[in-house]
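From first to last, the protein sequence lines stand for chains A and B. Taking the numbering used here, the leading residue of the first sequence gets 81, the next gets one more, and so forth. Taking the numbering used here, the leading residue of the second sequence gets 519, the next gets one more, and so forth.
What the hints contain is simulated information worked out from the structure, not anything from laboratory work. Where a beta carbon is used, it is the ideal one built from N, C-alpha and C, also for glycine. Among the hints, erroneous ones may be present.
[To be verified] In the DMTMM-like style, the derived pairs of lysine to aspartate or glutamate whose C-alpha atoms are separated by at most 25 angstroms in a straight line are:
id, chain 1, residue 1, chain 2, residue 2
1, B, Lys543, A, Glu341
2, B, Lys781, B, Glu801
3, B, Lys662, A, Glu341
4, A, Lys172, B, Glu801
5, A, Lys172, B, Asp784
6, A, Lys168, B, Asp814
7, A, Lys172, A, Asp110
8, B, Lys662, B, Glu635
9, A, Lys168, B, Glu801
10, B, Lys750, B, Glu697
11, B, Lys535, A, Asp110
12, B, Lys659, A, Glu341
13, B, Lys750, B, Glu734
14, B, Lys818, B, Glu797
15, B, Lys543, B, Asp814
[Unchecked claim] One-sided and incomplete, this derived list gives chain B residues near chain A with beta-carbon spacing under 8 angstroms:
id, residue
16, Leu538
17, Phe624
18, Gly630
19, Arg633
20, His739
21, Leu740
Spelled out, the chains give:
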Amino acid sequence: MNAENNRRPAHFGAAVAAIGLNTFREAVRDRVMYLILVFALILILVSRLLSMLTVGEEGRIIKDVGLSAISIFGVLTAVFVGVSLVFKEIEKRTIYTLLANPVQRWQFVAGKYAGLLLVLVMNVLVMTGMLLLILVVRGESMTGIPVAALMIFVELALVTAFALLFSSFANPILAAVGTAAVYVTGHLTWSFELLKARLPEGVGRTLCDVLYWALPNLGYLNVKSQAVHGGALPDGYLLSALLYGSGYALAVLTVACIVFERRDFN
Amino acid sequence: MAESAVIEISGLVKSFKGHLGLGRKVAVSGLDLSVGRGEIFGLLGPNGAGKTTTLKAMIGLLRPDAGSVRLFGRPPSDVSARARIGFLPENPYFYDYLTAPEFLDFYGRLHGFGRAERRRRVEATLERVGLDAGRSQALRKFSKGMVQRLGLAQAILHDPDLVILDEPMSGLDPIGRREVRDLILELREAGKTVFFSSHILQDAELICDRVGIVVEGRLRHLGVLDQMVRSKPRWFEVAVRGQVPSPWDREVASASGEKVMVKVPDVAELGRLLAAVAESPAEVVSVWPRRESLEDLFMKEVARER
Ligand SMILES: Nc1ncnc2c1ncn2[C@@H]1O[C@H](COP(=O)(O)OP(=O)(O)O)[C@@H](O)[C@H]1O
Ligand SMILES: [Mg+2]
């Protein structure tokens, strides 16, 4: 027997980590992400100015604008960076040599996802840090902000899973539009319930039901208003929302892995 | 244990959706091939013959419509088979935001090498492919030749038993081509198997043990080069400056300036021509024995297809 037969590929986690770190490095060395981050920071700063226009509500407005900025710019990152990093790998054919290595396709998907999550963690941390700093300087309370930021991250993780899924088979424009559409309709799932009540028995109602159940209920993950207005969440709400978000993301990722497993690269 | 073939392709068929999604374009139709350990095999054919498609199916980037590929007796989807191969794609491109050492280090991780092992291999491989100089540059500043060298580097970083190269010499200057040839020969010296594709025949003629000629997705010719190409000269071309003595002045094949090209069929005739020229005021510039080259064979196969 020769020594070659003893050669073992990397531990599956090592390959995922290597691909994830490389993805993160690509984003960090790209200007687009900084552009998004700078805009977000400007908006958070401007929220201070907006708050001056209203008397007695400064704290609320800063929190409201700040959290919205984190959410919206986070989604922009998830959509654009998420779609482009996967697409580039296929379009520029770096995936040819990557997959010629002892790397399984699901490891590629998992690695890309891990790298993108790392990018989002960094973005959300920077933006939240900025918001907290402004609140501290003004002597406002910070309660609710860390939890709201965490739930925004969970929402972004879910949106990113969709970005990966769509990039696994669609061109980048379609993938970006699709991801954005999931984000928007995901916040409007309640409206399908309302719509259903107004429709006659039939196809329309069924469609509403399907959309209501198939789309992620992003409103469920949104605890911004509690953070801003100081309302309390029901017991166990956070945990179940956390499980809902991560379970959904995992399911979407699994589908992305299956699509990647079956496709050709040419 | 008997060593099975390194590459075993049987009945490989692959088609793509046709233009505008109409019909199907068959790129490879029923290819059978087996390559043994330590061979240098050249898959040759004109552009669009199906070489790249075959190579991609070999490493599992494309799923065949029918047939199968085995590398070391395993399907290419098996990571333990892929751990033993190195692959250079056609016109490679790598992450332009990395430097060459960063890129190779990344691939070293995918092979499960530890930090010290990666550093050692990256250094040795960069030196081997002649990329020492460009080590701190981002890859976006690399020239075509440097990218090709880096492509070779990533293909041999992990000391694979089988190296698969798609058009490894395309886009290189003569020195670069020479270096790639030398590298391929070195790999064979080390007991590796090399499988490469090319549409340029001279590349293959010098180094291949065996070639396959593929035209329109079918393997037309498969064999040992010496047997495929007759080694006895088939005719001689003699370049003469000045007036060619009769009766050879009727055999002039082409003329450029005061130089004319005369075709003679065999050695005896060649001797008589040379003697006659020596007697005359004209002079012999060159004598070129013409063998049937791989190129001639290749042209015949392509012509047969039309
Ligand atoms: N993704 C694809 N979609 C449609 N046709 C393709 C695709 N890839 C290759 N082909 C066709 O298959 C044939 C073989 O291509 P290829 O394997 O790249 O040839 P070669 O590498 O020998 O030049 C060509 O006619 C090419 O146009
Ligand atoms: Mg080709």
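Hints versus structure:
Of the supplied pair hints, the one linking Lys543(B) and Glu341(A) holds, its CA atoms being roughly 23 angstroms apart against a limit of 25 angstroms. Taking the CA atoms of Lys781(B) and Glu801(B), the gap is about 16 angstroms. The hint holds against a cut of 25 angstroms. For a cut-off of 25 angstroms, the pair hint linking Lys662(B) to Glu341(A) is broken: about 32 angstroms separates their Cα positions. With a C-alpha separation of about 57 angstroms, the suggested pairing of Lys172(A) with Glu801(B) is violated against the 25 angstroms cut-off.
Taken as a hint, the Lys172(A) and Asp784(B) pair is broken in the structure, with Cα atoms around 54 angstroms apart against an allowance of 25 angstroms. Distance restraint check for Lys168(A) and Asp814(B): the Cα-Cα separation of roughly 42 angstroms exceeds the 25 angstroms cut-off, and the hinted pair is therefore not satisfied. Only pairs whose Cα atoms come within 25 angstroms are accepted, and Lys172(A) paired with Asp110(A) is accepted, the gap being roughly 16 angstroms. Taking the CA atoms of Lys662(B) and Glu635(B), the gap is about 29 angstroms. The hint is violated against a cut of 25 angstroms.
In summary, the hint linking Lys168(A) to Glu801(B) is not supported, as the alpha carbons are separated by about 62 angstroms, beyond the 25 angstroms threshold. At roughly 29 angstroms between alpha-carbon atoms, Lys750(B) and Glu697(B) are farther apart than 25 angstroms, so this suggested pair is violated. Restraint check: the Cα-Cα separation between Lys535(B) and Asp110(A) comes to about 35 angstroms, which exceeds 25 angstroms; the hinted pair is violated. Under the criterion of a C-alpha separation no larger than 25 angstroms, the hint pairing Lys659(B) with Glu341(A) is inconsistent with the structure, at around 34 angstroms.
Only pairs whose Cα atoms come within 25 angstroms are accepted, and Lys750(B) paired with Glu734(B) is rejected, the gap being roughly 30 angstroms. Note on Lys818(B) and Glu797(B): the hinted pairing is violated, with a Cα-Cα distance of about 40 angstroms set against a maximum of 25 angstroms. For the given pair, Lys543(B) sits about 28 angstroms from Asp814(B) by alpha-carbon distance, which is inconsistent with the 25 angstroms threshold. Interface hint at Leu538(B): violated, since its Cβ lies 16 angstroms from the closest Cβ of chain A, which is beyond the 8 angstroms cut-off.
Taking 8 angstroms as the C-beta cut-off, the interface hint given for Phe624(B) holds, the closest approach to chain A being about 5 angstroms. Nearest Cβ of chain A to the Cβ of Gly630(B): about 3 angstroms, under the 8 angstroms cut. The hint holds. Checking Arg633(B) against chain A: minimum C-beta separation of about 12 angstroms lies over 8 angstroms; hint violated. Hint on His739(B) is violated. Least Cβ distance to chain A is approximately 26 angstroms, over the 8 angstroms limit.
For Leu740(B), the shortest C-beta to C-beta distance to chain A is roughly 25 angstroms, which exceeds 8 angstroms, and the interface hint is violated.
The structure is inconsistent with the numbered hints 3, 4, 5, 6, 8, 9, 10, 11, 12, 13, 14, 15, 16, 19, 20, 21, although it conforms to all the rest.
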